[in-house]
Amino acid sequence: MRILEGKGVQKYFGGLAATADVDFHINQGEIVGLIGPNGAGKTTLFNLISGSIAPTSGTIMFKGENILGLKPHQICKRGLARTFQLVKLFGSMTVSQNILLACFFGKSGGVHKSDAQRESSRLLEFVGLSGTDGVIAKELTIANQKRLEVARALATKPELLLLDELMAGLNPTEVAQATELVLEIRKKGTTIFMIEHVMKAIMGVSDRIIALHYGKKISEGTPEEITTDKTVKEIYLGI
Amino acid sequence: MLKVSNIKASYGKVDVLWDVSMIIGEGEIVALVGANASGKTTMLKTISGLIHPGAGTLEFLGKRIDEISPYRIATMGISHIPEGGKPFPDMTVLENLEMGAYINEAWKRKEETLHRVYQFFPILKKRSGQLARTLSGGERQMLAMGRGLMAKPRLFMFDEPSYGLAPIIVKELFESIRLLHDQGMTILIVEQNIRHALEVSSRGYVLENGRIVLEGESRGLLDNDHVRKAYLGL
Amino acid sequence: KDKILIGTAISLSGPYAPGAGMTQIPNYKMWVEEVNAKGGIYVKEYGKRLPVELIIYDDKSDIGTAVKLVEKLVLEDKVDLLLPPWGTAMHFAVGPVANKYGYPLIGPTISSEKLRKVAHKIPYFFGILNMPREQGAALVDLLVEFGIKKVALIYVADAYGIEWTAEVSPALKAKGIKAVIEQSYPLGAKDLSPLLKKIKAANVDALLGMSYPPDTFLITAQSMGLKLNPKLFYLGVGVAFPVYRDKFGAKAVEGVMGAGAWNPKLPYPGAKEYYDRHVKKWNKEPDRWGSAFAYASLQILEQAIEKTGTLDRKKLRDVIATETFPTVIGPVKFEGGFNIQAPGEIGQWQNGEFEVVAGKPKRTAKPIYPKPAWP
Amino acid sequence: MSSTNNPAPKWLFPLVLSFIIIILAAVIPRFLPPYTIISLNDIFMYIVLTVSWAVFSGPTRYISLASAAFFGIGIYVSAVLGNVLPFLAAIALGGLASFLLALLVGLSSLRLRGMYFTIFTFGLSELIRHSVLWWEVNITRTVGRLVVSVDNITVYYAMLTIVLLTLAMAYFIKNSKYGLALLAIGESEEATDHIGVNVNALKILAFAMSAVFMGAAGATMATRWTYIDPSIAFNPLFSFMPVLMAIFGGVHRIYGQIIGATALTLLADMLLTKFPYYYNLLYGIILVAVILFLPQGLAGLRERMSKWRKHVLVK
Amino acid sequence: MGGTLLLDIIIGGLILGGLYALIAVGLGLQYGVARVLNVSHGEFIMLGAFATYSLYTSFGINPLVSLVISGPIVFGLGFLIHRTLFQHLRKSSESMAAFEGTSILASFGLLFIIQNIALLSWGSDIKGYTYLAGTVDFGGAIYAQNRLLAFLFAIIIGLAFYFFLARTRFGKAIRAAAQDVDTAQLMGVNIHRMLGLCFGLGALMAALAGCLISMMFEITPLMGLPYSIIAIIAVVLGGLGNILGSLLGGLILGLVGNIVMYIHPGLSLIAYYMIFLLLILVRPTGILGK
Ligand SMILES: Nc1ncnc2c1ncn2[C@@H]1O[C@H](COP(=O)(O)OP(=O)(O)OP(=O)(O)O)[C@@H](O)[C@H]1O
Ligand SMILES: Nc1ncnc2c1ncn2[C@@H]1O[C@H](COP(=O)(O)OP(=O)(O)OP(=O)(O)O)[C@@H](O)[C@H]1O
Ligand SMILES: [Mg+2]
Ligand SMILES: [Mg+2]
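Those sequence lines, one after another, are chains A, B, C, D and E.
If you read the first sequence in the numbering used here, its first letter stands for residue 1, the second for the next number, and so on.
If you read the second sequence in the numbering used here, its first letter stands for residue 1, the second for the next number, and so on.
If you read the third sequence in the numbering used here, its first letter stands for residue 1, the second for the next number, and so on.
If you read the fourth sequence in the numbering used here, its first letter stands for residue 1, the second for the next number, and so on.
If you read the fifth sequence in the numbering used here, its first letter stands for residue 1, the second for the next number, and so on.
Hint data in this document are derived by calculation from the structure and do not stem from the laboratory.
Some hints could be false.
As the list claims (entries may be wrong) - Between beta-carbon pairs, the in silico distance windows are: (1) B:K126 with E:R283: 16 to 22 Å; (2) B:S176 with E:F170: 26 to 32 Å; (3) D:N175 with C:Y101: 43 to 49 Å; (4) D:N200 with B:R178: 48 to 54 Å; (5) B:T57 with A:G15: 38 to 44 Å; (6) B:K126 with D:A168: 44 to 50 Å.
As the list claims (entries may be wrong) - Some chain D residues flagged as far from chain C (calculated, every beta-carbon gap over 10 Å): (7) V16; (8) I21; (9) Y35; (10) N83; (11) V84; (12) L85; (13) L104; (14) M115; (15) L127; (16) G144; (17) N200; (18) L272; (19) T273.
Even for Gly, the Cβ is constructed at its ideal location relative to N, Cα and C.
All chains should be modelled from the sequences, with the hints used to inform the complete structure.
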């Protein structure tokens with residue numbers, strides 16, 4: 001079943017087509033990777049899906065409903081959460097407050113305080129941040145801030161999770177842990193759409209990969225198909 | 001060239017570095033690696049003067065730099081490319097690059113350096129009139145590199161330069177670092193991409209929880225069991 | 001009892017401070033010094049002269065603060081008498097409060113018909129300054145005297161401007177004088193030249209401006225620049241200030257008319273002496289309107305104490321309300337709470353002095369008409 | 001300026017609050033000298049303004065300069081309707097008018113951030129002031145109104161009630177999930193939106209709520225001033241003072257705001273009467289000195305003290 | 001008649017706007033770059049006005065020449081205030097947002113202090129003198145010389161600053177410092193000197209405006225605040241951190257003020273604020289803001 005489907009999604013910044021006529025879809029339970037050179041329009045596509053910016057044209061169906069033009073909070077309530085490439089945490093608040101908020105207002109909404117607290121500790125442990133509850137969020141290192149973003153997004157109880165470069169800045173061991181985390185999330189029933197430049201990770205976990213270049217979809221397929229795609233090799237992988 | 005002796009550093013009450021010593025010789029590439037939150041960024045900030053060390057000394061070209069302001073350290077020839085690039089968001093790409101050449105000697109030759117930087121990162125030339133705040137993640141990183149180059153520094157310090165870059169660019173990046181080295185530049189590189197970092201460098205330090213736990217020839221570190229297990233995921 | 005404690009909350013800072021600092025505070029201080037130099041005011045009930053001590057608080061030009069500080073003076077400092085604050089709004093606020101506690105208050109810087117309407121509710125309050133009704137009439141009389149037919153009437157959008165216009169406008173109509181322009185402008189305007197250009201184009205005989213000091217200065221400067229030269233040039237508060245003459249020069253302001261008028265040539269006992277003492281003490285001239293009225297209000301207070309021989313405020317009020325008091329502005333008598341001896345008075349700068357030209361019996365000089373063109 | 005490191009014990013605030021209630025209600029005003037009651041009324045007024053202001057502007061960092069408009073509307077309601085309505089009804093209506101006005105202001109300024117919001121709110125209050133003035137000058141042709149005055153004790157009880165309601169509102173908002181969400185808006189509006197918070201609705205509602213008691217306080221205090229006109233009622237000072245008082249006391253803590261309002265009101269009282277000619281000088285020096293040594297405001301003092309105590313004990 | 005009169009009004013408005021622009025550019029430097037929303041800007045204007053007044057009336061020094069004396073003093077004062085007060089606040093504040101808050105409080109403190117000192121030294125009376133009150137006649141349209149002078153100063157200084165910030169090395173450094181202090185230092189910028197310089201220059205321009213204002217209007221120690229407010233509005237209208245924007249903001253305020261004053265004086269302040277609010281709503285980051 002298609003949980004997300006975009007048709008003719010277009011976004012212009014002035015004359016620059018950040019995404020040009022992209023068609024894509026995500027199936028329930030999948031992990032789909034999104035790759036492409038820097039500036040290809042990947043983050044822009046995420047921004048369009050999550051409602052951060054208004055598209056120039058196109059439709060985006062989420063669970064059979066066109067979510068285009070909805071506000072981010074409405075999209076979130078429908079079960080779609082995301083993380084940000086440049087982390088956007090509530091920097092002066094504590095780690096646990098960051099998550100509590102998402103519990104209170106996310107898809108499930110109206111969670112009771114004690115339940116939310118329990119959920120928050122559970123999520124922190126899940127992403128490997130246990131023991132940091134009382135730490136001020138901006139004092140975490142960038143890698144840990146990203147994990148916190150994941151936890152926060154999960155706290156809204158999403159059915160589809162958009163991850164924007166979760167693995168950037170992690171060393172190989174940590175990348176392996178993060179990969180593990182992504183698989184765990186999927187195991188719990190959340191579909192994942194992720195942008196990544198770390199090949200080892202994305203090739204390892206994705207069921208399917210979409211490659212963008214200059215805002216256009218240039219290729220789509222299984223990891224094996226993508227690694228052997230001539231254009232992708234040339235413009236992106238450099239092999 | 002740079003001598004770090006028994007440095008201690010902290011943010012307010014939280015101590016981050018304890019008794020760290022490092023040496024970087026003229027013309028060397030040295031890698032500083034370690035897990036998340038081990039204090040690598042803090043080390044670089046201490047060297048460039050953004051954080052004053054609680055104890056220990058820093059010497060650059062034989063002069064003490066642990067008590068002077070960051071701008072004077074920059075003027076002495078240390079170029080620190082901060083984590084995330086930190087471009088000036090409301091300036092254009094070109095203006096950002098020009099800011100890189102702010103110190104006197106660099107300013108005089110900025111046209112020529114700019115030309116070289118554009119050769120290095122052609123995309124910057126394409127985006128030269130765009131405000132830095134609207135750049136994509138990778139473009140920012142390249143801008144930061146370019147801006148650092150503009151200063152024509154004696155010592156180049158990278159904080160995770162490959163962060164968020166497409167694989168092909170990462171490859172080119174490390175090639176260009178090697179190129180810089182060949183041209184005689186001294187480089188201190190902090191990387192999560194440990195394999196690349198140790199391959200490009202001649203010596204390396206491993207930082208864990210604010211302490212240097214290992215140091216030596218890069219080649220040797222790559223073969224070190226601890227490093228392989230903890231950082232290379234092998 | 002060894003002294004008479006007098007208190008006032010007045011604007012030492014904030015927008016009202018320039019007015020208070022020009023018209024009231026110097027007179028308050030000077031009067032206290034003079035009284036004390038004599039050994040104080042003789043109060044029969046104590047059988048001796050009691051020196052005066054003045055408590056001054058800063059009301060910051062803020063109504064809430066003013067009301068509160070007046071209550072502090074009354075309730076905490078237990079002053080014997082109160083002196084008024086500066087300006088229309090402040091009088092409106094402080095008057096009823098003083099009345100509530102039974103303190104007579106003789107207000108020298110309020111000119112408002114609205115106050116006249118509520119005066120019966122605040123019997124402890126006395127207005128000594130000229131009121132719009134008489135002032136307006138005097139102004140219109142002048143216009144009639146010169147045979148003026150066509151005027152421009154502009155007024156600052158504030159209580160003062162409204163009330164004066166409300167008096168002057170119908171009075172003009174009654175005399176068949178046409179106001180071809182009748183227009184308010186906001187307080188604090190920095191450029192009134194568009195309005196003045198309109199007036200110039202309308203080619204009127206007289207410009208009547210019911211203005212406050214900042215606009216008085218502005219209108220004057222810009223009229224000079226625009227060579228707006230009506231035969232009669234009248235502005236409101238501020239013309240009577242010596243600084244008005246000094247800023248533009250005595251020659252330039254020759255013939256300009258303004259609200260209120262007092263000068264040391266007036267044949268009242270002590271007028272000239274008061275003027276000289278003020279100049280000597282403060283090294284600056286008193287303004288030619290409110291200052292003398294403020295000083296007169298103090299003289300009345302002093303005479304009332306001496307007359308009644310007591311500090312009993314009820315008795316003081318009754319005496320003030322009924323007797324006539326000789327002062328530097330002439331004899332003062334209150335009726336219905338207002339000084340009926342201060343008819344409409346209009347002044348005109350002539351040779352560096354602000355001559356009284358309307359309120360005919362009080363004239364100190366013949367009015368110059370038409371006003372000479374700006375230099 | 002984070003509210004979260006080193007938080008005061010949970011029970012402290014309610015305790016202090018009930019303490020204040022008991023003391024004030026118990027010490028029936030007739031045992032106090034009359035001027036003390038007058039002083040208290042003033043302090044209450046500034047506490048209401050400051051705490052209300054901080055309900056919205058504290059966590060969200062949207063610095064509003066519209067307090068004067070909300071306060072002034074209350075004043076005008078009471079001045080216009082004071083002689084036809086009972087005192088309590090005038091107060092309630094003042095609060096309601098303020099609430100509605102704030103809804104409007106909030107709705108119109110949604111797109112604005114930072115200083116643009118601040119100056120917009122300032123401009124809007126000025127616009128309201130000048131519009132009321134224009135109305136009076138050109139339509140009713142009478143500027144300024146005498147207000148029916150009410151005795152000080154009644155005003156005292158009214159203000160006390162308003163203060164307590166304001167504090168209760170501030171406390172409950174701060175400790176609810178909406179308070180947390182407001183704090184999040186101050187950190188990153190985009191992220192707050194993405195975790196399911198209807199940012200705009202929350203902003204407007206909190207803003208309007210914060211105006212209610214300002215309006216009520218205005219309606220109450222007007223009766224003390226006996227005379228008002230647009231420049232008195234909408235004096236921009238009432239927009240600036242809450243900001244100054246909150247920063248002075250400590251924006252992020254309710255007790256800080258209370259301390260700020262109380263301290264600056266008492267300080268002004270003291271200086272105005274003791275040093276009338278040096279009032280502003282001393283006031284200014286104290287503002288600068290406090291902010292230099294306690295950038296967190298007076299509330300920072302407590303943290304400093306405890307830090308210092310620990311320091312000494314360790315040694 | 002109508003057409004030329006309207007043109008006349010517009011030019012008059014621009015001329016008044018020039019004065020506002022001058023004030024706004026000064027504040028624009030202080031707020032846009034040094035991040036101090038200096039509500040005491042008007043007090044520096046007042047100081048400039050009184051310095052000019054005193055030197056002129058007591059020593060007969062030509063008001064424009066007196067700038068040579070008062071200008072450097074006020075500049076030094078501004079620089080020093082930044083160095084001591086605001087630099088310290090910047091260091092002790094946790095974030096830029098916190099610094100903006102504390103610096104507003106501190107500048108209110110400065111406002112009170114400077115105003116009180118002026119009251120003590122000059123008294124609260126209205127003061128004034130006349131200089132360059134003569135007019136220039138452009139084919140029937142008449143403008144006061146001192147206002148024209150203010151306009152010229154504003155345009156020249158505003159544009160000079162704009163080019164300084166946009167084109168020169170130091171100008172760019174100032175902008176960089178405004179955006180990210182730490183990173184600017186890494187480029188070798190001595191930011192504290194830069195910011196102090198901006199603050200001082202802002203004060204200098206206030207003094208210059210004060211000198212010109214003293215020729216046109218009456219002066220009192222309490223005159224400052226309205227000018228601060230005009231300046232803040234102009235800066236915000238133009239777009240924070242954009243000097244050309246501040247210049248434009250000032251001109252617009254003057255222009256709008258004059259046009260509505262001509263059409264309906266009674267409504268002028270209402271229309272004035274209404275237009276300001278609408279402009280901000282249409283351009284939520286100022287006319288030239290990003
Ligand atoms: N607000 C904006 N205004 C103008 N251009 C923009 C804006 N936002 C993004 N762009 C441009 O759109 C292009 C796509 O940006 P996007 O952030 O989507 O890239 P990306 O694929 O996520 O790259 P990266 O891998 O480097 O993060 C880039 O060239 C970027 O400079
Ligand atoms: N501004 C700050 N205030 C307080 N603590 C901080 C601050 N910045 C960093 N820290 C803490 O200092 C420690 C070291 O951080 P640092 O950024 O130097 O690590 P790092 O090795 O660079 O990590 P990463 O690889 O994630 O960048 C971490 O525990 C971090 O939480
Ligand atoms: Mg991206
Ligand atoms: Mg780091």
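We went through each hint and held it up to the structure:
{"no.": "1", "hint": "B:K126 with E:R283: 16 to 22 Å", "result": "violated (29 Å)"}
{"no.": "2", "hint": "B:S176 with E:F170: 26 to 32 Å", "result": "holds (31 Å)"}
{"no.": "3", "hint": "D:N175 with C:Y101: 43 to 49 Å", "result": "holds (45 Å)"}
{"no.": "4", "hint": "D:N200 with B:R178: 48 to 54 Å", "result": "holds (52 Å)"}
{"no.": "5", "hint": "B:T57 with A:G15: 38 to 44 Å", "result": "violated (54 Å)"}
{"no.": "6", "hint": "B:K126 with D:A168: 44 to 50 Å", "result": "violated (59 Å)"}
{"no.": "7", "hint": "V16", "result": "holds (27 Å)"}
{"no.": "8", "hint": "I21", "result": "holds (25 Å)"}
{"no.": "9", "hint": "Y35", "result": "violated (4 Å)"}
{"no.": "10", "hint": "N83", "result": "holds (13 Å)"}
{"no.": "11", "hint": "V84", "result": "holds (18 Å)"}
{"no.": "12", "hint": "L85", "result": "holds (20 Å)"}
{"no.": "13", "hint": "L104", "result": "holds (24 Å)"}
{"no.": "14", "hint": "M115", "result": "holds (23 Å)"}
{"no.": "15", "hint": "L127", "result": "holds (12 Å)"}
{"no.": "16", "hint": "G144", "result": "violated (5 Å)"}
{"no.": "17", "hint": "N200", "result": "holds (35 Å)"}
{"no.": "18", "hint": "L272", "result": "violated (5 Å)"}
{"no.": "19", "hint": "T273", "result": "violated (5 Å)"}
The structure fails to meet hints 1, 5, 6, 9, 16, 18 and 19 from the earlier list, while all remaining hints are met.
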